[in-house]
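Residue strings, one per chain:
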Amino acid sequence: MNETILELRNVTYRRETITLLDDVSFSLTRGDNVTIFGPEGSGISSLFDIIIRGNAKFDGDVFYKGSSIKSLDYFGLMNHKREVGYLHGDYGLMSNLSVEQNISLPLDYHSAMSASEIKKHVDKIIYEVNLDHCKKLRPFDLTRSEILKTAFGRAIANDPDLLYIEHAFEDQCYLNIRSLIDVLTERSIRPDKSLIMITYYPQNFIDISDEFIMFFNGRIVFRGKKDDYMASDNPYVVQYRTNSIEGPMVIL
Amino acid sequence: MLIEFITKAGRKGIQIYSGIAEFRDFVKSIFTSFKSLRYLRFRSIYTIIINQTRFTGVDALAIVMIIALLLGGTVIIQALTSLPKFGVEGFLGNLLVIIIARELGPLATALIVIARSGSAIATEISVQKWSREILSMELMGIDTKLYIVFPRIIASILSILGLIIIFDVVAFIGGYIISQTVVYIPMDVFGQTLIDAFTFKDIIAALVKSVFFGITIPLICCYYGLKPNSKFEIPIYVSKAVIRTLFIAIIVNIAVSTLFYLV
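Protein sequences appear in the order of chains A and B.
Those letters in the first sequence? Residues 1 to 252, by our numbering.
Those letters in the second sequence? Residues 1 to 263, by our numbering.
Excised from the complex, chain B in its bound form:
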C-alpha cells in the first residue's frame, strides 16, 4: 500500500518535472527565436498585434466593466456596512485600494483574459498546427515562435494594462454609485480618501502585474496550443492551457504582491 503510494507519487513527480523541463525548453527556444528578430519585418506582425489587442482588450471591455461594477459595488457595500462596527470607517479608502486596486483588479482582469483570450489562443494555434498552417510558415522560413508568440505577448501586455486601469476606475466609480443606495458619502470625501490611500508603489505593482500576466498568459497558452498532435487532443490541451494559466496567474499575483508589499 505504502510502496504503491510512493511509486505513484514518484511517477507524478517525474511527470511534473519533465513537464516543467519541456516548458523551460520552449521558453529557451523563444529566446533563441528572438535572435531572428533582425530578419523579421515589423509589418508582418503589425496586423496580428492589432487584431489580438482588439480581441483581448477592446472586445473584452464590456464584460470587464460589468464585472468591475459588480465587484466594486460588493466590496464598497461590505466595507461601508462592516467598517463602522470596528470603528475604522476612516480607512475606507485604504481598504478599497488594497482590495480593488492592488489585488482584485489585476487578478480579475487576468482571469477574464485567460477565459476569453487564453482559450482562444490555445485553440487557434492548435487548429493551425493540425491544418499544417504552422508547418507551412516554418517552410517559408518564418520563425513561427517569433511570429506567433511575440505579437501575442505585446498585445496581451497592452490589453491587460489597459483593462486593469479601466477595471479599477469602473470599480471605484461604479461601486461608489451603487453604495449610494446603502449609505450617503459625499463624492469629494470619497475621492479624497482614495487619493490619500494610493501610493506610487500601487501603480508600479499594477504595471508589473500586467507585464507578468501579459507574458505568462500567451506564453503558456501558445505552449499548449502547439502540443496537440491530432484533432482529438485539441480540447484536452486547450483545457490544460486554461487551468494551468489560471494557476500560474494566481501564483504570479501572490509573488508580485509579496515582492511589493511584504518584502
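Isolated chain A (complex conformation):
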C-alpha cells in the first residue's frame, strides 16, 4: 500500500510581510508516521492552516488522498476536516458535555451509525484509553491526562486515516498517559493509518515515528528516517538536540 495520503507541493505561505512557510514540499505515504519539529516561529504551527484548516491563501498546493485542498468549497472543506483527526494542545473539550458525550460528538453529528452502535464504539474507545472511571464526568472534573485522553478519543472516534497531533503531549506526565501511548503505538504500526506529530520534543516519539522533519525559518532543514535523526550530524538537528545557542539557528 504505497498510496500517498498527503502531499505538500512547493507551499509558500505568507501573512502580511512575514513568510511562514517557504517553498515547503513533502509527502506522506499511507501507513507512515512523521514527527515534525522545530523551534518557535519555525513554521511548524503554520502547517495547521495549510493542511487542516485549508482556508489560508498560499502558493503551491496541498493534496489529501490525491485531491487538492485548495480547490475545496465550503462543504468540501467540512468533509476534509471530518476525515482528518485533529488533536491540539488546548484540547478544546466541550465543557458542558461529559467524557462519553465529548467522544461521541463527531459520531452523533456525522456518522450513519445508530445510537446503540455509537455507544458501543465510544465505550470501546473509553476502555482502550482507560477512562471508564470518569466517563460521566465533565472536563471541569478531569485531570490533565484525562482531558488529553478524552480529546484523543474524540479525535479518533471517526477512525480517521490521518491523525494530526499538535503539541498535545507537551505538558503531560508520561506515566499517566501510558495507556494512550500504547494505543498510539498500536495505531502507528497499522499500514492503513498515518500520523503527523507536531512537537517541540521529537525524542519522545522515537518509538512511534518512521520519519522526522525539522523546520527552521519556514523551511525544511532536515528530513530523515528514525536512525538518520538519531545519528544525524546535521548542525540544525545537533543544535536542537543539545539545546545549544551555538549553531546555525539564531534564537532570540
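Since the hints were made in silico from the structure, they are not lab data.
Ideal Cβ positions, reconstructed from N, Cα and C, are used throughout, including at glycine.
Keep in mind that a hint or two might mislead.
So the derived list for chain B, only partly shown, Cβ under 7 Å to chain A, looks like this [to be verified]:
id, residue
1, 135
2, 141
3, 215
Using the hints, position chain B against chain A.
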C-alpha cells in the same frame, strides 16, 4: 468646531455602517450554513434544543408569571380607576387586550428572555470560543454556525411563544384577582369583555412577534458571543449583546405592531 463635529459624526456613521455590514455577513454565513443541514443529524442538536428550551422557557416561568401578575394588576387597577372618569369603562376589555396582549406581553417576555437567556448565550459562546471549543468543533467538520445558532433559534421561538401565552393568561387572571381588592367586577363579565375584544389578528401578531424575537435574540447574542478575541473582551461583548438585542427587540415590536394595526 463644526468640522470636528462632522468628522466625529462621519466616523461614527462609518462605524455603524461597517457594524451592520459585518452583521449582514454573519447572517449570510448562517444562510450558507443552512445548506449543510443535509449533513447534520438531528440527534446531535436535539439535546441542545431541549436544554435551551428548558433554560429559556421552563426555568423562566416563575419570573415571567410574577412580572405578568404585577404588570397585569397595575394595568387593570389603572384602567378600572381611570376609565370611569371618561365614561368609557365599557372598553375595559379592549384596553386590556391592547396593552397586555398586543404590546406588554410580547415585549416584557422578550425583555426577560434577553436579560436571562440572551446574556447567557453570549457568555457561553464567548467562553467556548476563548477555550477553543468552537475551533475544535470546526476541526471535527461540524458546521459551528448551524450547530450553535440553529438549535438556539428553534428553542427561543418555542420558549418565547409559550412564555407570551402564559404571560397574557397570568396577567389577565392575576390582574383580575388583584383588581378585586379595588373594585368588584363579576368574573363572567370580565371574561366576556376580554373574549369580545380579542381578534384573530391579535393571535397572529403575537405569533409573528414570538417568531421574530425568537430569531433576533439568539442571532444577535450568538453574533456578539463569537466576537471576543481575548478573555478581557468577553464582558464588553456580552454587554453589547444585551443592549443591542434590547434595542432591536423594541424596534421589532414596533415594526410588527405597525404592520398589523396601522397599515
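> Which numbered hints does this structure break?
Replying inline: 3
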